[in-house]
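Going down the list, the sequences are from chains A and B. For the first sequence, the numbering used here gives the first residue as 9, with consecutive numbering after it. For the second sequence, the numbering used here gives the first residue as 9, with consecutive numbering after it.
These are calculated hints, taken from the structure and not from any lab test. Treat the hints loosely; a few may be bogus.
A pair counts as met if it fits within one copy or between any two copies, since identical chains are not told apart.
Each computed SDA-like pair below joins lysine to any residue, with the alpha-carbon atoms no more than 20 Å apart [stated by the list, open to error]: (1) 250 - 198; (2) 271 - 94; (3) 210 - 65; (4) 241 - 189; (5) 39 - 98; (6) 70 - 188; (7) 64 - 51; (8) 269 - 176; (9) 39 - 156; (10) 64 - 210; (11) 70 - 148; (12) 64 - 50.
Protein chains: 2
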Amino acid sequence: MPQAPRKPTILVTNDDGPFSPGLWILYEAVKDLGNVHVVVPETPKSATGLGLTLHKPLRMNKLSYSGRTVYVVSGTPSDVIYVAMNTVVGKPDLVVSGVNIGDNLSVQVILSSGTVGAVLQAAIEGIPGIAFSAAVDEPEEMEEERYREHVLNIVRELTSAVLREGMPRGVDVLNVNFPSVLARDIAVVRAARKRFTTSIVKRRDPRGIPYYWLYGQPVEAEPGTDVHTVLEKGKIAVTPLKLPVSYVESEEVKRIVEEIKGKITW
Amino acid sequence: MPQAPRKPTILVTNDDGPFSPGLWILYEAVKDLGNVHVVVPETPKSATGLGLTLHKPLRMNKLSYSGRTVYVVSGTPSDVIYVAMNTVVGKPDLVVSGVNIGDNLSVQVILSSGTVGAVLQAAIEGIPGIAFSAAVDEPEEMEEERYREHVLNIVRELTSAVLREGMPRGVDVLNVNFPSVLARDIAVVRAARKRFTTSIVKRRDPRGIPYYWLYGQPVEAEPGTDVHTVLEKGKIAVTPLKLPVSYVESEEVKRIVEEIKGKITW
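So that you can see chain A by itself, here it is in the shape it has in the complex (with noise of 0.2 Å):
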């Protein structure tokens, strides 16, 4: 008699904590495809990257949030990863993480993303991760009926695929991005290298001391990337990506090292 498949373990993880409805949409998405965790970051924890927590201890905490099971973590999505792994998961066999409120899209913003990142982290452990963002503004975005919907169905077709098929070959993780209205197509295309241009703006506190804040204002989509597909076309955008940080063979790297070393006294 043929034994029953063994039940894949699923990490069901955010950046936006356990409060955000993106990640329930995520969590309705997957529930029945595995046996499923939610592990998440207790506050908002955008543009954490792939931060680690090493100077402090951190906390976890059991909760039920209508009537489901999550856990939080006073940390980084990545945090999050390593707690969960330890911890209530195990190795899971796939990370899925979101469906974050605003778009992760670009080079830029993937590197900072903390939803990106918990799937970046992942895979520096060797397990395949997916991470689905929305270009909405609103979280009460997210819950429109018809948008809810669209989101779910199309996480759960794509996170069915990964675990019935694995991940494709040389991939370490997808990065999925949903525009703001009802997609009309999915492209698999490149990130572009730049979302934002940055800029600071100056003010002055009551006591007329200057504060700085951090602001970005939308710079124009080169065709064929992530940003234009999913910002001027209206489609949903699948970036395909290997664990970042790529070596580069240099021939005048090793010139100018060679030239260094004939001038150190060693």
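Based on these hints, arrange chain B on the given structure of chain A.
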């Protein structure tokens, strides 16, 4: 009469803050190579990766430390890049970061490192950068006279070469790591994938409530990697990096997406 060449603008930063002896070794090494500005996080920001501060304002203060001017910013190394560029520095020709107390070896560590994060963030803006780290445990080790001179000389030679010749073609960032001993050689090597197994330890506070510490045990270093070069062979490792996140051309991803497109009601 030929014009004197324009002096390059150099931004000196780190993730350990203004009191790190490594910062001032770096400053001494490059101070005669251009117009040098020192802008750093006001407190240590290890392991913040490319994290940005978007949800609260930042402060910047000008300090004098042993007669040298240093600006301190209440944010991450990536925040420092943007604040510096938009206030006291303008767009620099080169960013140098470090010298970090502790190595920044392996993809795992590089992506969570604030020291490397600063130069990767600058690379997104098209600015070349060099990150310097030393595999020492204590700040005092950096100040041992022969070690200090040795590090200072190599930092100066490498920075001079990059200023003189430009960053080698195809390279965005150089990640340089010194062993804890006086190095015997420099090698150009790729980054290992991992430096540490990541674990957590559970303890109980005096009230009996659990808390967790993230920590790592070194993994065995593969020959030919940065980890092996610095920690096993006692050489300096220079790792040329491209701006991370590689798009992967994957027919499998395209096929999965085509299948999903057929299942969705658009």
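*With identical chains treated as interchangeable, where does the CA-CA distance between residue 70 and residue 188 reach 20 Å or less: within a copy, between copies, both, or neither?*
Answer is neither: 32 Å inside a copy and 43 Å across each miss the 20 Å cutoff.
*For the identical chains here, do residue 271 and residue 94 meet the 20 Å Cα criterion within one copy, between copies, both, or neither?*
neither (49 Å within a copy, 37 Å between copies)
*Could you figure out if residue 210 and residue 65 sit no more than 20 Å apart (CA to CA) within one copy, between two copies, both or neither?*
Between copies, since 9 Å is at most 20 Å while 34 Å is not.
*How would you label the pair residue 64, residue 51 (within, between, both, or neither) given a Cα cut-off of 20 Å?*
Both: 16 Å inside a copy, 14 Å across copies.
*Could you figure out if residue 64 and residue 50 sit no more than 20 Å apart (CA to CA) within one copy, between two copies, both or neither?*
both (16 Å within a copy, 18 Å between copies)
_If the cut is 20 Å between Cα atoms, do residue 241 and residue 189 qualify within a copy, between copies, both or neither?_
Cα proximity of residue 241 and residue 189: one copy only (10 Å, versus 56 Å across).
_Status of residue 210 relative to residue 64 across identical chains (alpha carbons, at most 20 Å)_ = between (32 Å within a copy, 13 Å between copies)
*How do residue 39 and residue 98 come out at 20 Å by Cα distance, when the copy is not named: within, between, both, or neither?*
So residue 39 and residue 98 pass the 20 Å test inside one copy only (17 Å; across, 50 Å).
*asked:* Treating 20 Å as the Cα threshold, decide for residue 269 and residue 176: within, between, both or neither.
replied: between (43 Å within a copy, 18 Å between copies)
_When Cα atoms must be at most 20 Å apart, do residue 39 and residue 156 count as within-copy, between-copy, both, or neither?_
Within one copy, since 16 Å is at most 20 Å while 56 Å is not.
_If the cut is 20 Å between Cα atoms, do residue 70 and residue 148 qualify within a copy, between copies, both or neither?_
So residue 70 and residue 148 fail the 20 Å test inside a copy (26 Å) and across (43 Å) alike.
*How do residue 250 and residue 198 come out at 20 Å by Cα distance, when the copy is not named: within, between, both, or neither?*
Cα proximity of residue 250 and residue 198: in one copy and across copies (12 Å, 16 Å).
Consistency note: the structure conflicts with the earlier hints numbered 2, 6, 11.
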